[in-house]
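Engineer: Sequence:
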Amino acid sequence: MILPVILSGGSGSRLWPVSREHYPKQFLNLHKDDVSLLQEAALRLKDVANAGAPMIVCNEEHRFLVAEQMQQVGFKGSQIILEPCGRNTAPALAIAALAAIEVNVEAELLVMPADHVIKNVTAFSDAVEKGHTLSQQGKLVTFGITPASPHTGYGYIKRGSVLSEGFAVEAFVEKPDLAAAESYLKSGDYLWNSGIFLFKASSYLEALKQYAPDILTSCQAAYQARTEDMDFLRIEEASFAQCRNESIDYAVMEHTKQAAVVPMSPGWSDIGAWDALHELRSSEDKQSGNVVHGDVMLHETQSSLVYSDSRLVAAVGVKDLIIVETDDAVLVADRHQAQDTKLIVNALKAAGRKEFQSHQQVYRPWGHYRTMVLTDSFQVKEIVVNPGGKLSLQMHHHRAEHWVVVQGTAQVTQGEGHGDISKLRSFLLSEDESTYIPLGTVHRLENPGVIPLKLIEVQTGSYLGEDDIVRYNDKYGRE
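What the sequence shown shows, in my numbering, is residues 996 to 1474, in sequence order.
Careful: at least some of the hints might be erroneous.
Said to hold, decoys possible - Quick list of simulated restraints, FRET-style, between CB atoms:
1) Ser-1353 <-> Val-1098: 12 to 20 Å
2) Gly-1072 <-> Tyr-1458: 38 to 46 Å
3) Phe-1373 <-> Gly-1347: 21 to 29 Å
4) Pro-1258 <-> Ser-1298: 23 to 31 Å
5) Ala-1044 <-> Val-1368: 26 to 34 Å
6) His-1392 <-> Ser-1298: 30 to 38 Å
7) Tyr-1431 <-> Ser-1305: 28 to 36 Å
8) Val-1313 <-> Thr-1212: 50 to 58 Å
No lab work stands behind these hints, which were simulated from the structure alone. Model, not experiment: these values are computed from the prediction. The beta carbon of each residue, even a glycine, is placed where N, CA and C say it ideally should be.
Construct all of the structure, not just a fragment, from the sequences and the given hints.
Structural biologist: Shown next, in the form of structure tokens:
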């Protein structure tokens, strides 16, 4: 049995301002308009022989996003493993392997990053079939992409002796300079490192025992002390935090004698930065080489990516530019320096700016909200609650709230005095009806209907931060 493992960590900082820490690129519809990159990764598995439902490894912050997006594409039984802190791929896969052998001691892990694009799924599934043969022989298989250009943004794998369905790995090579990349392409012995793997869970754990026993010991302790929270498997933090922050390449693959590589050409891209997205989609307009998204108008513009999220963007007489617009930030960059976008993100973070972390629209397990106006003394939000969604029973110390329903029906629960939960009343609000929640009053909002509930919330008070909240009860287990 092949047990797919989708790694859904990372912040996608080089795709800012569309990708942000709280809503990174794997949850965005960057390649196809109707599904996110995470959903593409899951749907790809339907063409892989003997593949079961995927296991997803993600962080605490993204757990409800992962669950919702997986359900949207029909994967309701997927196991979601929550990393308490980021420790790179070697520990993450140790946890996945420990979980897998509890299901099936012979389980093979097909490891895929959540944020890659593969255009030719048939070529991918054929490569996995070849990898399966090697995995059954105890090999730790990685998949190498046949290079189409001397790319300096990828690591490389040098292939060695011929195996039954691939090659032994002779060496892993860091991202090269252009001269080295050109020599690699000319030799024909090098492949791009895709970060996709296939191996028996037992083989990987045995390799960890040999080459990184400290990581294995910490992960075993963390997994043994795990807890289950609704659909999530929560890993114990203290033991997991003791793991070295190390990739599977460094911890295992560069040391083991069992590393094998299967070449493939499935139309792969890791969409690591805006120039990669341009390269992936530039064939859509072969004459101009432009890639556009949203409300865009161009005149005498060449080889550029122009991405509009919320308003009209126009470009005249430009070439080789990246122009990305969102409702609170605009990026303009030379296409050949797109990798440096992460430096802007680092600067925003150092300056204490919120734009590196969250969008104006913020997702919650019950739906989402969007900030429309924010001042020192009041804030206006559009709130959308999904059918059946329910906010926590809560109160705020520093703000009052006015709610106006603009679509659907709201069920409101409200207390009487400051922080008093002994006398709660519940009532319905229909479209064009409103209510007032005084400062300190316990309250809850929920959607009992079958269509999304939309309302406008006006907050007033001396402090409007999201951390001004006291939760008494929460459907989603938040504190």
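Engineer: Would you mind marking each hint as holding or not holding in the structure?
Structural biologist: Hint by hint, here is what the structure shows:
no.	hint	in the structure
1	Ser-1353 <-> Val-1098: 12 to 20 Å	violated (36 Å)
2	Gly-1072 <-> Tyr-1458: 38 to 46 Å	holds (42 Å)
3	Phe-1373 <-> Gly-1347: 21 to 29 Å	holds (22 Å)
4	Pro-1258 <-> Ser-1298: 23 to 31 Å	holds (30 Å)
5	Ala-1044 <-> Val-1368: 26 to 34 Å	violated (54 Å)
6	His-1392 <-> Ser-1298: 30 to 38 Å	violated (54 Å)
7	Tyr-1431 <-> Ser-1305: 28 to 36 Å	holds (30 Å)
8	Val-1313 <-> Thr-1212: 50 to 58 Å	holds (55 Å)
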